[in-house]
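K.L.:
Chains as they are written, first to last, in our numbering: chain A, 143 to 276; chain B, 10 to 535.
What the hints contain is simulated information worked out from the structure, not anything from laboratory work. Hints are supplied without guarantee of correctness; some may be wrong.
What the hints assert, rightly or not - Only pairs whose alpha carbons sit at most 20 Å apart, straight line, appear in this in silico SDA-like list of lysine to any residue: (1) A:Lys167 with B:Arg269; (2) B:Lys392 with A:Asp153; (3) B:Lys340 with A:Pro155; (4) A:Lys162 with B:Ser333; (5) A:Lys162 with B:Ala337; (6) A:Lys159 with B:Arg269; (7) B:Lys248 with B:Arg269; (8) A:Lys159 with B:Val145; (9) A:Lys249 with B:Lys392; (10) B:Lys392 with A:Thr218; (11) B:Lys85 with B:Asp165; (12) A:Lys159 with B:Glu329.
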Amino acid sequence: MSHLEVLLLDDEPIVGKRLKPALAKVGCEVEVFQDPVLALKRIDEKDFDVVVTDISMAEVDGMQVLEHVVAKNNRTKVIMITGFAMMSLAREAMEKGAFDFIAKPFKPDDLRLIIARAAEALGKPIDFEINDNG
Amino acid sequence: MMSQPSKANAEGPESHDSISGRHERARDFEEAKKALLARPRFSVRAQIYLGFALVFLFTIITVAGLLNSIYEVDHKVRFLETVNQYLIQIEQARRFEKNYFLYGTNLREGLDNVYAANQILEINRNQILSITGRNVYDQMLSNLKEYEALLKRIIDLEQQWGNALANTEIDHSIDVREQGQSMISFAQEMAAKERTALEKSINRARQMHIYYLLALMAIMVVNSFILARRILVRIKQYKTFAQRIASGDYTLITPMRAYRDEFTELALAVNQMVLDVEAREAVLIQSHKMRAVGTLTAGVAHELNNPINNIMITGHMFLEDYDSLDEADRKDMMQDVVNETNRAKAIIANLLDFARESGSQLAPLDVAALLTDTIALASNRLKRSRINIEFSKTEKLPRVHGDSQQLRQVFLNLILNAIDASKPGGKISVTVLPADEPHYVAIKVIDYGTGIPKHILGSIFDPFFTTKPQGKGTGLGLSMSQGIVAKHGGLIRVFSQEGQGSTFTITLPVTTFPAEIKAETHLANS
Ligand SMILES: Nc1ncnc2c1ncn2[C@@H]1O[C@H](COP(=O)(O)OP(=O)(O)OP(=O)(O)O)[C@@H](O)[C@H]1O
Ligand SMILES: [Mg+2]
């Protein structure tokens, strides 16, 4: 089973610090970024299976990252991390081609579940059980 | 590293403070009232009455004087008439006397004239006495008696001696003539004297009229001048009061004169008004603040999501991996949890501290810390508009004496205005540094947005002036900010170029010289 290549972008350092091992445990190879500019550069270099990005960041926002990824490679699944009660932004992201979104605050399993679904959609299932069909 | 809010505990005794603040003003008001009413009363009405009374009194005195002089003139004229009649009789008698000596005509008719003259003196006795005095009157009477006696003697002699005139008669005739002559000149002299006196009286009456008019005019002019000055000075004073209050200086009116009058009631009413305006302004400021808080809460709630999310992820991973974690990892995770909890607390405390209602309380403030808090409040708005905020400060700035809540509100208003004016991806600079004037600090909020067109630059501080769509801006932000800054003894200035951006600069006096500041506010009171 090949590893799922994941890029995780959030300007909160703890998110990357804790989620990297959490996702690694279910078979993801995670690259963590806090700076969206560096992340975009990396995306240009490499095709990731999944990109997880926070929607609100200082210089470049998540929406731009989404557009960038979609423009480059529409095979990559993009998962947006939104704030609580930002449904309109989430809907906009979905329209622009995001795979799904997840609202802060979330449990590590919530993200694993969405990534597992994305992996399934890519035909690269990961080591995480999708119990419900929601 | 998480930054603590400058005020450690948000839940201070706020309600108590606001009450004591209002209480203090009410006490000031009562004190001012007492001082205003403690003075003796001298009303404008009293001054008007006094003026009229003075004029009336003066008129009465003058009229009495004039009546008296008219009476005097009348008296003198009558006396002169009497003297005239008397003279006519005497002259008549003398004519008979002369004819007798020349032609030997009857002398008895002359005697009749003497009687008539006597009668005139008798009848007008009081009148003559009042003018000439007793001596002169008696003299006149005795002269007349003597003349009568002389005439009678001649008549007696004539009866004894027939028509033949003796030598003795010649002696007598000399006596009679002399007597008659002296009587006439006596009376004439008296008449002449009285005539000049009469002329003097008439002259005096005439002058009295002129002097009276002049004096009356002088009194009226002086009185109306004093009265007008008193009223006009007061009106001018109240004009400056009105301007002062309009500019946001709510110093109460305190006594300035030794007496109180109708304007004292006006002063009390104005003080009451100032108190009401102040209370209403406080409500307005608070409601404007709550509006700002309203626009910020969504952002703050979102901001709060980050630490909560961090805690949630860390907590779950801690439980999930508990057994496989070594001690250092566990400690690190728990430290993260503690830090993020503090961060969440700081975010909420900052908002609540800003939002809470409180009376004006003055304290020495670290302006840089206030600005940091304010920027934190707006951080999510900034993030969402993708605006970069740059904050720079001069280290070790002196503190500013002021009300932290109100100053934060001013800073927030400027930052929110700057956000509204900036394009997404724009930049805002906030700087605090020593001002050009000594003993002042300057706070600059610079944006590179739309700028302010020249023709509206003069109106942006007016209440309710806004270019923002309805429901978005009230137009109260800057006018309120100006009021608050003025209350702190500072100034707010703007420099703007259309299309280039705007710079708002606030200067505030520092606390190092509290005595000076106090002296200044006292000056403003007097
Ligand atoms: N930094 C700025 N750049 C450009 N225009 C500004 C700036 N600050 C203020 N203005 C102009 O001044 C007007 C008045 O500002 P003010 O803060 O008093 O009210 P407002 O912002 O419109 O309403 P509110 O403060 O209640 O939201 C604004 O409508 C805007 O036209
Ligand atoms: Mg405003």
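K.L.:
Would you mind confirming whether the straight-line C-alpha gap from lysine 392 (chain B) to aspartate 153 (chain A) stays at or under 20 Å?
P.N.:
This hinted pair holds, its Cα atoms lying about 12 Å apart.
K.L.:
Are the Cα atoms of lysine 162 (chain A) and alanine 337 (chain B) separated by 20 Å or less?
P.N.:
Since the Cα atoms of lysine 162 (chain A) and alanine 337 (chain B) sit roughly 18 Å apart, the hinted pair holds (cutoff 20 Å).
K.L.:
Are the Cα atoms of lysine 167 (chain A) and arginine 269 (chain B) separated by 20 Å or less?
P.N.:
89 Å, violated
K.L.:
Lysine 159 (chain A) and glutamate 329 (chain B) were given as a pair; does the straight-line alpha-carbon distance stay at or below 20 Å?
P.N.:
The hint holds at about 15 Å.
K.L.:
Would the pair lysine 248 (chain B) and arginine 269 (chain B) pass a check requiring their Cα atoms to be no farther apart than 20 Å?
P.N.:
19 Å, holds
K.L.:
Hinted pair, alpha-carbon criterion (20 Å max): lysine 162 (chain A), serine 333 (chain B). Please report holds or violated.
P.N.:
With a Cα-Cα distance of about 16 Å, the restraint between lysine 162 (chain A) and serine 333 (chain B) holds, given a limit of 20 Å.
K.L.:
Would the pair lysine 159 (chain A) and arginine 269 (chain B) pass a check requiring their Cα atoms to be no farther apart than 20 Å?
P.N.:
The given pair, whose Cα atoms are some 78 Å apart, is violated under the 20 Å limit.
K.L.:
Between lysine 85 (chain B) and aspartate 165 (chain B), is the straight-line Cα distance small enough, at 20 Å or below?
P.N.:
40 Å, violated
K.L.:
For the pair we were handed, lysine 340 (chain B) and proline 155 (chain A), check the Cα-Cα distance against 20 Å.
P.N.:
17 Å, holds
K.L.:
Would you check the hint for lysine 392 (chain B) and threonine 218 (chain A), treating anything up to 20 Å between C-alpha atoms as holding?
P.N.:
27 Å, violated
K.L.:
Is it true that the CA of lysine 249 (chain A) sits at most 20 Å from the CA of lysine 392 (chain B)?
P.N.:
Status violated; Cα separation ~24 Å.
K.L.:
Just to be careful, I want the Cα atoms of lysine 159 (chain A) and valine 145 (chain B) compared with a cutoff of 20 Å; is the pair within it?
P.N.:
141 Å, violated
In this structure, the earlier hints numbered 1, 6, 8, 9, 10, 11 are contradicted, and the remaining ones agree with it.
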